[in-house]
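Visitor: These are the residues of each chain, in order.
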Amino acid sequence: MKALALLPGSTRGPVLRLDRPLSFWGGVDPASGRLLSGPGESIAGAVLMVPEAIGSSSSGAVLLELLRNGMAPAALVLGRIDAILGLGILAAGEMGWPTIPLVILAAADQTRFETGEMVEIDSTGLIEPAGMVLPTHRP
Amino acid sequence: MGLLLTEPDRAMLAGAAGPAAAMALRIVVGAARMLGAEALLDIASAHIDGCLYHGPAGALFAERLVASGGRVRVPATLNVGALDLLHPGRVRLDPETAALARRQMDAYTALGCRPSWTCAPYQAGHRPALGQDVAWGESNAVAFCNSVLGARTERYGDFLDICAALTGRAPATGLHLPANRRATILVDASGLAPALCAQDALYPVLGAWLGRRVGSAVAAIDGLPPDLGEDRLKALGAAAAATGAVGLFHIVGVTPEAPDRATAFAGDPPREVIRLEPAMLETERDLLSTGTLDRTGRIDAVAIGSPHLSLAECRELVARLDGRRVALPFYACTSRHVAAGLAEDAASLARIGVTLVTDTCIVVTPILPAGGGVLLTNSAKFAHYAPSLTGWAVRFGSLEECVETAVAGRLVADPGLWR
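Line order of the protein sequences matches chains A and B.
The working numbering applies: residue 157 is where the first sequence begins, and numbers increase by one.
The working numbering applies: residue 125 is where the second sequence begins, and numbers increase by one.
Extracted from the complex, chain A is given alone in its bound form (with noise of 0.2 Å):
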């Protein structure tokens, strides 16, 4: 499935998918990484897909926190092109800190990817199942 790449980059991770809107701000611990409403499932890692965000305009501070202790998502996957979130993208950016990519796709097209599954997104905005392929292993 072919996502736009509003900031491109690689990487892979579980699905999380959110059926409804979601603010960082309000919505997200910017200390953990968890969900502040339904079961309180982290973020952190996971290929976040939502189908809006909205909200308070301090949702990309959420973010770079986040970026910069290590409890981030591994992508964020929007359903409308938005840059509040992606300015907290940037600023990690600019600091030196890790950054995530974003990219767009419509919220009909998210639902074609379950909670759970593992997924890869390239440099094109590629997002495809992960499949076989085992994660590298890291000593």
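These are computed hints drawn from the structure, not numbers from a lab.
Hints should not be assumed to be uniformly reliable.
[Said to hold, decoys possible] Stretch by stretch, here's where chain B covers chain A in the computed footprint (C-beta under 8 Å, at least three residues):
no., segment
1, 183 to 190
2, 204 to 210
3, 216 to 223
4, 238 to 246
5, 250 to 256
For glycine and all other residues, C-beta sits at the position ideal for the given N, C-alpha and C.
Following the hints, put chain B in place on chain A, whose structure we already have.
Guide: Positioned in the frame of chain A, the structure of chain B alone reads:
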């Protein structure tokens, strides 16, 4: 396509205005590319949301800009911080976190921003003109700036707001462009009873409904009374920007870009027409209260002032309390600008037990008593964010219900309010 930069832009990127301006412009350019902008434009002012502490990263980012010689190029106001600088001790942060929060606030003032510390800069003299391009952060301020003042701003997130201020440049995209400012959805409110339209409590609920229903689309609401006033528009916009991503709304016959229905839609037919029924708003009002409230009507504290109370709202609070002492913790959040205008009223509120909070508010930093409870508020934005950010359950009510409950020490509901 592609982003066209001017000669001065290129010079700034090359470091002609110093390393902080170059870094800031790289971020502005990165944002412009993400948004598909074809050019940058000059901005007249900025409102900076980035001064609120979320963790060490935000403080370090601001200090990097200071250390590399950053200085704002346009007038810039600051949003709330995590501390009440006028009332030390009001915020329950551990000393280490408070010190980092203070460092972040100090860094933004060192960049030349005005220490206004309010989410309602439009109540502190920062009022750009109709049609002027500006770069504002803080979702309620964005909605007010676009909708009520008719100045033009995108929904600037943290970092882009200060970067725009440091460079005087912003992506020419989104709500800066006239074509994106016309309404596409018509909300017909003519079915609402005049008595309901006369209630302040309608407007946060209407806003919450609007945000949930239209997301980021531009809607025009027709059929509301023409004498709405800024405080109701503020409440509507703040709610819509919290439950949705609303950056601009029009009220036909009220807001400056919607003198009539045709102008609001730039002559095109609405893409969608929604007839507003009172039942839709009753559902939305109930959504603003936490679902699991017990039946005893227990209330542990009352909070008002998101967005920050205007002088008129503070005076209404004084008048409604009328010298009666509150029996519950009562937080009234406002700006230092408005608090200064309160003069003797500030002292009289303190005497009857009202806790005035300035520079910050009860959802962005720990002020409410630890341990949780049930909070009564007339703010849809407080109601929306308090459960996840403070752990408190919320009941939404009118200002009258807030005041009478606080005085009685138990819930005093007005069931007739929505009939």
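Visitor: Does each hint hold? Answer for all of them.
Guide: Now the hints, each set against the structure:
no. : hint       : verdict
1   : 183 to 190 : holds (count 3)
2   : 204 to 210 : holds (count 3)
3   : 216 to 223 : holds (count 6)
4   : 238 to 246 : holds (count 8)
5   : 250 to 256 : holds (count 3)
Hint check: no violations occur; every hint is consistent with the structure.
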